[in-house]
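Below, each chain spelled out in residue letters.
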Amino acid sequence: MTTQPTNATPETTMSRRNFLSLGLGALGLVGLLQTGVMTVQFLGPRRVDGEFGGVVQAGLVESFPPGSVTEFPDGRFFLVRLADGGFLAVYRRCTHLGCAVSWQAAENRFACPCHGSYFDQEGDVENPPAPRALDTFAITITDGTVIVDTAEPRQRDAFDATQVVYPAGA
Amino acid sequence: MSWLSNAFDRLRFRARPPSDDRSRMRAVANNLILHLHPTRVPAPALRFTHTWGLGGISALLTVILVVTGVLLMFRYDASVERAYASIQTLETVVPFGALLRNVHHWSANLLVITVLLHLVRVFLTGGFFRDRRGNWIFGLFLLLIVLAFNFTGYLLPWDQLAFWAITVGTGLLDYIPVVGVLVANFLLGGREVGQAALRNFYALHVAVLPVVLMLALSYHFWRVRKDGGVALPDQTGPVEKLTTIPHLVGIELGIALVTLTAVMLFAMLVPAPLEGMANPAHPPNPAKAAWYFLGVQELLLHMHPLAALALSTIGLLGLAAVPFWDRDDSAIGIGGRSTRGRKAAWLGVALSVLLTPLLVVIDEWWLDLPALLPGLPTLVSNGLIPLGLTLAGLAGVYWLIRLVLRTRHNEALVGLFSFTMSALVVLTLIGIFFRGSNMALVWPW
Ligand code: HEM
Ligand code: FES
Numbered sequence: 001m002t003t004q005p006t007n008a009t010p011e012t013t014m015s016r017r018n019f020l021s022l023g024l025g026a027l028g029l030v031g032l033l034q035t036g037v038m039t040v041q042f043l044g045p046r047r048v049d050g051e052f053g054g055v056v057q058a059g060l061v062e063s064f065p066p067g068s069v070t071e072f073p074d075g076r077f078f079l080v081r082l083a084d085g086g087f088l089a090v091y092r093r094c095t096h097l098g099c100a101v102s103w104q105a106a107e108n109r110f111a112c113p114c115h116g117s118y119f120d121q122e123g124d125v126e127n128p129p130a131p132r133a134l135d136t137f138a139i140t141i142t143d144g145t146v147i148v149d150t151a152e153p154r155q156r157d158a159f160d161a162t163q164v165v166y167p168a169g170a
Numbered sequence: 001m002s003w004l005s006n007a008f009d010r011l012r013f014r015a016r017p018p019s020d021d022r023s024r025m026r027a028v029a030n031n032l033i034l035h036l037h038p039t040r041v042p043a044p045a046l047r048f049t050h051t052w053g054l055g056g057i058s059a060l061l062t063v064i065l066v067v068t069g070v071l072l073m074f075r076y077d078a079s080v081e082r083a084y085a086s087i088q089t090l091e092t093v094v095p096f097g098a099l100l101r102n103v104h105h106w107s108a109n110l111l112v113i114t115v116l117l118h119l120v121r122v123f124l125t126g127g128f129f130r131d132r133r134g135n136w137i138f139g140l141f142l143l144l145i146v147l148a149f150n151f152t153g154y155l156l157p158w159d160q161l162a163f164w165a166i167t168v169g170t171g172l173l174d175y176i177p178v179v180g181v182l183v184a185n186f187l188l189g190g191r192e193v194g195q196a197a198l199r200n201f202y203a204l205h206v207a208v209l210p211v212v213l214m215l216a217l218s219y220h221f222w223r224v225r226k227d228g229g230v231a232l233p234d235q236t237g238p239v240e241k242l243t244t245i246p247h248l249v250g251i252e253l254g255i256a257l258v259t260l261t262a263v264m265l266f267a268m269l270v271p272a273p274l275e276g277m278a279n280p281a282h283p284p285n286p287a288k289a290a291w292y293f294l295g296v297q298e299l300l301l302h303m304h305p306l307a308a309l310a311l312s313t314i315g316l317l318g319l320a321a322v323p324f325w326d327r328d329d330s331a332i333g334i335g336g337r338s339t340r341g342r343k344a345a346w347l348g349v350a351l352s353v354l355l356t357p358l359l360v361v362i363d364e365w366w367l368d369l370p371a372l373l374p375g376l377p378t379l380v381s382n383g384l385i386p387l388g389l390t391l392a393g394l395a396g397v398y399w400l401i402r403l404v405l406r407t408r409h410n411e412a413l414v415g416l417f418s419f420t421m422s423a424l425v426v427l428t429l430i431g432i433f434f435r436g437s438n439m440a441l442v443w444p445w
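Protein sequence lines correspond, in order, to chains A and B. Under full-length UniProt numbering, the first sequence has 5 at position 5, and the numbering climbs by one with no breaks. Under full-length UniProt numbering, the second sequence has 193 at position 193, and the numbering climbs by one with no breaks.
For the record, the hints were derived by calculation from the structure and aren't laboratory data. Hints are supplied without guarantee of correctness; some may be wrong.
Stretch by stretch, here's where chain A covers chain B in the computed footprint (C-beta under 8 Å, at least three residues) [unchecked claim]:
hint, stretch
1, 171-184
2, 188-202
3, 281-294
4, 300-313
5, 438-444
Glycine included, each C-beta is placed from N, C-alpha and C at the ideal position.
Construct all of the structure, not just a fragment, from the sequences and the given hints.
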């Protein structure tokens, strides 16, 4: 659009009544939107401090022998130490419908009792119906201590080497 | 005892019971509860086997649920630490607490059954033609409300059954593309079932849903009146009309008393289940959803969750489309549309009872589509293909009935409807009784 003056035709001018009712409508709409957003925020997910969702100090690197799987019930994850010394924090929520998997040391697998999914030590699907590998959490290793951040589970289709975290000097 | 029945009559009519038809009709019109009825009803509508009283029974169960539910609220505590304990106290310490819980529990379960049967009845007697189209679709909305009621109530005892049924049930939502996880997190107030979920479900169950249901039921009843009451076959001659008092009210009171007695007896004899307290680390094996979702859970064992979800949605949309699918309203009020339609219905049931278990067993033990089609992603091999096969099978049933019985379109639809409903029942029964450890097929005895 240019700034050329246009002829004001009667149709484009607005009566005071129309202006006011339009304004009222717009205000009403804004109010409605505001109330909607407030309601959604009010009802939305809440995080409680100290529950699952925070940062978990798992322990010293040496306390997890290679090839071991240690459960952290409060953190909702298993700390897996692979045979080559790398770490993987596996979320225990089954990717099928959300049941808690448990570690079966004898069979060397995670088992979900709900519909019979199995996962290997890396979390890869061994037996459906689970559609993808178990989710993982971010791991950092500082001063020989393994720290797991359970805020955001990371989805993956399958295991690959980039997901593994190795202690310094290993 | 006549003083007693006199007293009751006075309570009901605020005066002596009306003794002639005109004052009987006025009594109906002037009474808050009775005026849901017309003052006179066509005689054929009063035949018990036309409606089986299922709508009325559902309404009565709703009232029972509200009364017992409000009482339960006085003793229930919606926190993860106290919920289970408060139910245990109810079961063992509070006088008649166990009975109260049993009545609420069994009425809720019975309501799912009666509402579904009511839907079947309305379909079979052609209660969805013409003006009633709107009330049919609205009725589906009522069905969803009833299911939502049950689902939210299921979590409240906070035992193992409750915790894992809701975990699995909401886990299904995650598969809805784009919004699924968001919606699940919103409902649960977090990523997993916990305190926030219990709070949310409690508020929905005791405050939001009751208000929605009351409004919705009022509308449903109002529409039934507006649409001229229960659908009847088109009449050529004049129809005999009977006054609501005593003819309709008498039947209603009879059905109500029988229902009430049955629910009471059942609640006295069969305790509502209560397992150990919820333990988020240890799902039971097998973890089953509430029984009325076991049909869908059984589907999950045979196809990708997205396919199972799609199939359920298609089923629901199919029901909503019924008034547009069957437009031959000359069959209004006639059970099964015609004699041949009734035959088609039975054929549908028979086919379903034979085919559904057969397919379940074949898929369980011999057919492994993902292994047969290794090149395809599971969403296709275990999702799209079984979904397509199922839909093709349903179309096959329709045409089989049409050709074998030489039926018209609307009669074959009755067959297809019976087939699908029976399949749902069969799948549900398999889920309840024939699924054991690791959800493997087992004999229940
Ligand atoms: C809480 C749930 C429900 C209650 C309490 C209820 C109650 C009733 C009642 C009392 C009637 C009068 C006739 C009779 O007793 O059968 C009726 C009729 C009707 N209902 Fe429902 N209903 C419920 C759910 C449903 C559902 C799930 C559907 C269908 C999807 C449905 C569709 C209809 C229709 C179309 C009519 C008119 C039937 C005719 O004219 O033959 N209702 N309902
Ligand atoms: S939830 Fe784990 S297999 Fe279904």
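These are the hints, each one checked on the structure:
no., hint, result
1, 171-184, "holds (count 3)"
2, 188-202, "holds (count 9)"
3, 281-294, "holds (count 7)"
4, 300-313, "holds (count 4)"
5, 438-444, "holds (count 3)"
Hint violations for this structure: none, all hints satisfied.
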